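Residue numbers (our numbering), protein chains in the order written: chain A, 1 to 722; chain B, 1 to 297.
The hints are simulated quantities; they were obtained by calculation from the structure and are not laboratory data. Since we're looking at a predicted model, the values are computed, not measured. Honestly, I wouldn't trust all of these hints.
Said to hold, decoys possible - Example chain A residues on the side facing chain B (calculated, C-beta under 8 Å, incomplete):
no.: 1; residue: CYS295
no.: 2; residue: ILE309
no.: 3; residue: ARG313
As the list claims (entries may be wrong) - Computed from the model, here is a short list of chain B residues facing chain A with C-beta under 8 Å:
no.: 4; residue: SER4
no.: 5; residue: ASP120
no.: 6; residue: ALA140
no.: 7; residue: ASN183
For each residue, glycine too, the CB sits at the ideal point set by N, CA and C.
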Amino acid sequence: MKAHVYVVEVNGCWQARATIQPAVDELFWMNGSFGAAGSLNEAIAASGWLWREALPLGDAFRVVELWERGRMNGSGGKKGGEMSRQDGWDGKGGNNSGDDGWNAKGGINSWDDGWNDKSENNRDYEALERLNACVEGAKREAGDEAGAHIGDWWKRLGGWRKKDHVVKRGASLLGMAERWERAAYSGEQWGVELAISDAEIREIAAGAKLAAELMQGRALLRGEAHALLDGAGGPEATAGWSGALQLATLLGRVRLSGAVAAGEGGRADATWRRRRERRCLRCGSGEAHLRRTPCAACGRMCAYCSACIGMGRSRECELLVIGQRDSPLADHTSFIAPGHLSLEQRLAKWSLSPAQSAAAAKALHFVEQGPYELTPHSPAEKAEPIRNFLLWAVTGAGKTEMIFPLVESVLLKGGKALIATPRRDVVIELDPRIRKAFPQASVVTLYGGSTQRWESGDITLSTTHQLLRFYQGFDLVVLDEIDAFPYHGDPILHYAADKSCMPGAARLLLSATPPNELQRAARRGKLPHARVPVRYHRHPLPVPKLLRTPALKQILQQRKLPPQLLAAMRQSLLRDAQLFVFVQQIAQSAQMAALLRIVLGNPAVEATSSQDPERAEKVQRFRSREIRVLVTTTILERGVTIPRSDVYILDADGRLFDEASLVQMAGRAGRSAEDPNGIVYFCSPERSQSQVSAVRHIQTMNRIARKQGYLLPVGKGGTPDE
Amino acid sequence: MSSSLSSLLQRFRSAFSASAQLLAPYSAACCMCGKSRNDTRNANSPHPPKLTAQLRQSLCEQCLSAIPWLTRIMCPTCGRGIHCDDCVRSPHRSFVCNRSAVQYSQSMKTLLAQYKYRGDEQLAPLLAHMLLPAFETMTAELAKRQSATASRGSHKKIQYADYWDVITYVPISSERAMDRGFNQAEQLASYLAQRYRLPLMHLLVRERHTEKQSFKTRSERMRDTRSLFNVNDIELSKLQTDAVHPVRNAHLTHTAIRVLLIDDIYTTGSTSEACSQTLHQYAAKPLEIYVLTWARS
Ligand SMILES: [Zn+2]
Ligand SMILES: [Zn+2]
Ligand SMILES: [Zn+2]
Ligand SMILES: [Zn+2]
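Excised from the complex, chain A in its bound form (with noise of 0.2 Å):
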């Protein structure tokens, strides 16, 4: 889309500004009365000037940054020195706050030079000439990639082409711009003509107070930031609600920009013509993942982003809604213990296990603690940085309702919890616990097609793609799963992390097998931790037995079982037990599954993968016991739990398998208490360095547990050591 720019002179200063609907940003300034909604804007601009060609809506928002950026330069002045120009565009000087704009005091910039001489009508002048070397220095820019960037098979297009920017002067230069003057408004009749009506100036400032409410803390491509104003009644057409969302930016709720764009601000580079690196505001993807294209609807080459494509386009002329937050929590007034109840007490309503309370009492510390006793009084715009927290707790430790006691601390303070998850079954499988353990609060689960897309509520459920859509929307976050797929390695899915937290907000990262990064961070104390190393139902984990077989490539060629093997998984099934069997590939899943039929003479053996799309289905009937023996893929070795449940892991020194990878699945069997003790087996030719240390992994756990005296005792249907 395209997009205006306007210079305005508040209070002696001219700044500049780009707008998605002109006629409401020259109500703002030139009057600033919005109907019912009264007068909107104290600081009214003495006149203004509206750039008539309307620019792709990057270039709009880089004619901003270029004002900016010689504005800085003439007040840079002061500074002396400390800033380099060599000519009046080079800024380095981005941390200059000075905002008096244009008035520099004895300024030795370009521009300002000797500009006290002359009269006002100059002076306007002057500011329109500014405006018309930033849009052309824009247009250069712009028109200076496209020709570093054009792919060669686009050039026949011939819409990226190269003009001559010409710096207008005198009354051409005039015809390319519209003057703003105060506008008074006396009875029915404004003293000058509108180019908006009565009905809809009502309309905007109704919607923009609706648009400043819903967007709060979240980032919208401008198609999804439209549907969710529709479908809260905002206003209907086009024009209305990109008012909407201009006068809410005006008054500072929301904030646009180019949904790709060049970083904050943008680099300081050596020369301003030099290609500055852009990134997708969205997901935070560099360079690497933008294509250019040549584009109707800004009419030059456009970036867009490959990354997140399956979420909405997001590109260089697509608008990115943010919506300002203010969260509850910044008044540290408000950080006194809700209820005036005790840290014990307000545990103790959710009868969590020695172990689970304990590491929720050190966690709902950290979360209370806050970050504002460490910097007092802190101004709003520093950003705090996200304080994270890990929660290290065996397989079938009850993470869930160690989380409860956080979300509600923070619920209680009026702030936003969110809870977010790799995977979309395990949001659906959470979302009536949270309800039922929190039936006061409104609760939002969010997935690919949920129908609560554009709701708003305290608590949050969301898949971590999701995420995306969020800006500095919660007070608590809650990474589920930290280390598996498809959080690692993946830079989006960290940066989404990180946008969605509240400046200072504490960050909960639960794993079972954290990384060694996090680990060694956690060991060295540079990373508050707590570590639950029991079940809830305080039994120690399965050891896994190691059992030495073939391949099972061999196995399945032989098409016969290695004789162990097969007496255990007989074993197994008179002991009533379901099986896990989990194998390294997809295409030996169907072949094992085939062969166990034959040999178990058990017809009820199914096998499944990532690309079946019965999965699901085959799980439930799994857990439905229809289903008795399941081979998978490590698709499965995470999240679904099963009663009574015995754990294959076949060719377990291959090297899909690692450490964290053996750990989970192992972590399959004894879920239940009345099951505590499933079997593990580890099946390889080979004992590998990974099968060791999963090993050792489980030992050290059940080591700790014991020690920590978190394991039942014998006598009261414990289990013994090993």
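Fit chain B with the ligands to the given chain A structure using the hints.
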């Protein structure tokens, strides 16, 4: 402890490949299924049409061999792979014939949607490359027919540019262009023009915006597409002055200006028909219009 998640997990890497759909690094992963192509290399499976290296490089073997190529043409008019009632019902078309590269199967539908509606324009070259075999076959047919009438059928290599005076495309409305940012048919036409050095012209414009075609019945669609198009006067007059066959060899015997019209999908043929009618109506010289589409539904 620094607070960003990336820096927390900086050196943490796993043996598994990253998120397939989201992070397809665009040379290593298959454009259609997102899986790494290296795992499925299998050079000796046969493919009906000869495929360009680009095509082989962007798709995995599995996806490549699953492309429903339209190589067996049953209806010479509309290029269908099955017997065709439409062309029996209305045998008089304003274009000579249509040829399509692939059948509009579910997988092709998904691929087109990814490109056209999601806007993943990096797929444009892939779709264009899929169009090449159909274009070459179509031109070869044309060449065979011509050399048959002009006798002396010498087996020279076909110079594709000799057989076409102009290549153009089905336009989209300006609202659609603002919304989508590109015209898929134009991109395909532009690619072909570039590759075979054919003159690309913007002969048509779309008058008004219609509702989504998919919500209409077949006959409604037939009726509605008429009067939807207009000509671009400047381009059309340029075509008629330029195309006095300066490039065409003297032994080729046709007098009409030969136009290749490109679109993404051919369904009832009503869009191609409307475009062709419009062109015939406003052109001062006789035109011979051929239609080439990416998919036949
Ligand atoms: Zn992106
Ligand atoms: Zn654009
Ligand atoms: Zn593929
Ligand atoms: Zn036909």
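Do the hints match the structure? See the list:
Below 8 Å, beta-carbon pairs count as interface contacts, and A:CYS295 has one with chain B at about 5 Å; its hint therefore holds. Taking 8 Å as the C-beta cut-off, the interface hint given for A:ILE309 holds, the closest approach to chain B being about 5 Å. Of the supplied interface hints, the one on A:ARG313 holds, with its beta-carbon coming within about 4 Å of a beta-carbon of chain B, less than 8 Å. Evaluation of the B:SER4 hint against chain A yields a held restraint, the C-beta minimum of about 5 Å falling below 8 Å.
With 8 Å as the threshold, the beta carbon of B:ASP120 comes within range of chain A, its nearest partner Cβ sitting at about 5 Å, so the hint holds. About 23 Å separates the beta-carbon of B:ALA140 from the nearest beta-carbon of chain A, more than 8 Å, and the hint is not met. Proximity of B:ASN183 to chain A holds as hinted, the smallest CB-CB distance being about 7 Å (cut-off 8 Å).
The structure fails to meet hint 6 from the earlier list, while all remaining hints are met.
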